[in-house]
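Using the sequences and the hints, build the whole thing.
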Amino acid sequence: MLELRGFLWLTGFLLLGEALVIWLGLPISSGVIGMLALTSWLILRGHVSVAIKAASQPLITLLAMLIMPGVVGVFFIVDAFAGQWLAVGVALILGTLASVATTFWFMQRFMPRETSEGRAEQ
Amino acid sequence: MSSLASLRDSLLITPLPAITLTIAAFLAGGWLFNRLGRPVWCPGVLMAALLLATTLAITGIDYDVYREGAGWLMLLLGPATVALAVPLYQQLPRIRELWRPILICLPPAAALAAFYAIGLAWLLGATPEVLASLAPKSVTAPIAIGITEQLGGVVPLMMGGLLVTGVASVAFVGLLARLFGIQDQRVLGFVLGVNGHVIGTVRAFEIGTTAGAFASLGMGLTGIFSALFLPLAWRLLGL
Chain A
1 MLELRGFLWL
11 TGFLLLGEAL
21 VIWLGLPISS
31 GVIGMLALTS
41 WLILRGHVSV
51 AIKAASQPLI
61 TLLAMLIMPG
71 VVGVFFIVDA
81 FAGQWLAVGV
91 ALILGTLASV
101 ATTFWFMQRF
111 MPRETSEGRA
121 EQ
Chain B
1 MSSLASLRDS
11 LLITPLPAIT
21 LTIAAFLAGG
31 WLFNRLGRPV
41 WCPGVLMAAL
51 LLATTLAITG
61 IDYDVYREGA
71 GWLMLLLGPA
81 TVALAVPLYQ
91 QLPRIRELWR
101 PILICLPPAA
111 ALAAFYAIGL
121 AWLLGATPEV
131 LASLAPKSVT
141 APIAIGITEQ
151 LGGVVPLMMG
161 GLLVTGVASV
171 AFVGLLARLF
181 GIQDQRVLGF
191 VLGVNGHVIG
201 TVRAFEIGTT
211 AGAFASLGMG
221 LTGIFSALFL
231 PLAWRLLGL
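Listed in order, the protein sequences are those of chains A and B.
1 is the number of the first residue of the first sequence in the numbering used here; add one for each residue after it.
1 is the number of the first residue of the second sequence in the numbering used here; add one for each residue after it.
Hints in this document: simulated from the structure, not taken from any laboratory.
Between beta-carbon pairs, the in silico distance windows are: (1) Leu15/A - Trp99/B: 28 to 34 Å; (2) Arg109/A - Gly71/B: 42 to 48 Å; (3) Ser49/A - Trp31/B: 30 to 36 Å; (4) Arg8/B - Leu2/A: 37 to 43 Å; (5) Gly119/B - Met1/A: 50 to 56 Å; (6) Ala80/A - Leu236/B: 25 to 31 Å; (7) Thr11/A - Thr14/B: 21 to 27 Å; (8) Gly25/A - Leu103/B: 25 to 31 Å; (9) Ser10/B - Trp23/A: 40 to 46 Å; (10) Phe180/B - Val78/A: 34 to 40 Å.
Bear in mind that the values here come from a model prediction, so they are computed numbers and not experimental data.
Glycine included, each C-beta is placed from N, C-alpha and C at the ideal position.
This is the structure we're talking about:
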């Protein structure tokens with residue numbers, strides 16, 4: 001029953017997110033709003049209940065399976081985007097190279113140097 | 001043969017075959033991934049997706065019919081996205097400790113991850129539909145699906161982009177880290193999480209727990225920032 005009780009919390013916050021999205025006309029998905037609402041709730045409570053932990057962990061492990069029906073679709077739309085694949089490929093590969101390099105630069109520039117304590121930990 | 005086909009079509013009236021095939025392919029893909037020694041260039045999800053696509057092609061199941069049945073399974077994406085609040089909450093002490101560098105680095109890094117790709121694709125003449133599908137390329141899947149639907153993109157194309165981005169991020173982070181001699185696990189983890197979402201985070205946990213924690217943090221914050229920022233940017237750009 002523990003997992004079920006945790007799952008009820010998750011669906012409850014998802015429903016809250018959905019309600020806020022409709023009510024405020026937000027251009028954001030209800031899952032993200034639900035996640036932010038639950039995070040705020042956890043901060044207020046100061047800890048994660050056993051039930052919420054029990055329901056969250058298996059769901060997060062299953063994320064990869066839940067996205068599979070979408071991933072499979074890419075093999076069936078090859079024809080639909082004929083002529084666009086060069087643009088898609090270049091954008092993904094070069095874009096990723098550029099953004100990885102930029103993030104490295106930002107982090108090297110602004111991250112304080114590691115303390116000897118931090119190093120010992122590793 | 002025709003009786004088999006009619007049996008198949010009768011079964012496909014319910015979502016059961018789609019759900020069973022998805023779970024079976026997921027477990028088989030994970031098994032194969034472990035057997036091949038967990039290769040970085042081909043994550044378990046990709047193997048599972050290839051297996052599933054092959055099965056659909058062989059059995060002659062229409063993708064749209066499959067997708068409709070699997071929709072029952074994808075309903076769980078909502079609660080699973082809400083569940084991400086738990087690891088996010090557990091990362092809070094680290095966020096507080098390093099809030100200043102994170103606050104400076106995250107917004108430009110996450111925004112540029114999207115705009116480099118959008119800019120390049122736009123220059124090469126991609127349609128608005130394709131641009132909307134590429135925008136959330138560095139965002140973790142459950143959040144990215146919501147963003148793409150908001151922007152008017154195509155979910156399967158976005159998922160393909162996510163996969164390529166994840167694998168490319170792991171390769172480029174390895175390359176650039178070696179080139180510039182970067183060994184700080186916090187930096188490596190954060191860069192992997194911001195650019196390579198789940199695939200980068202899995203790689204970061206292989207480097208070490210510190211890298212893994214910073215990757216989860218980078219992935220979570222990129223997801224939240226992009227979910228808030230991209231729909232607004234789209235509205236401003238008038239796309």
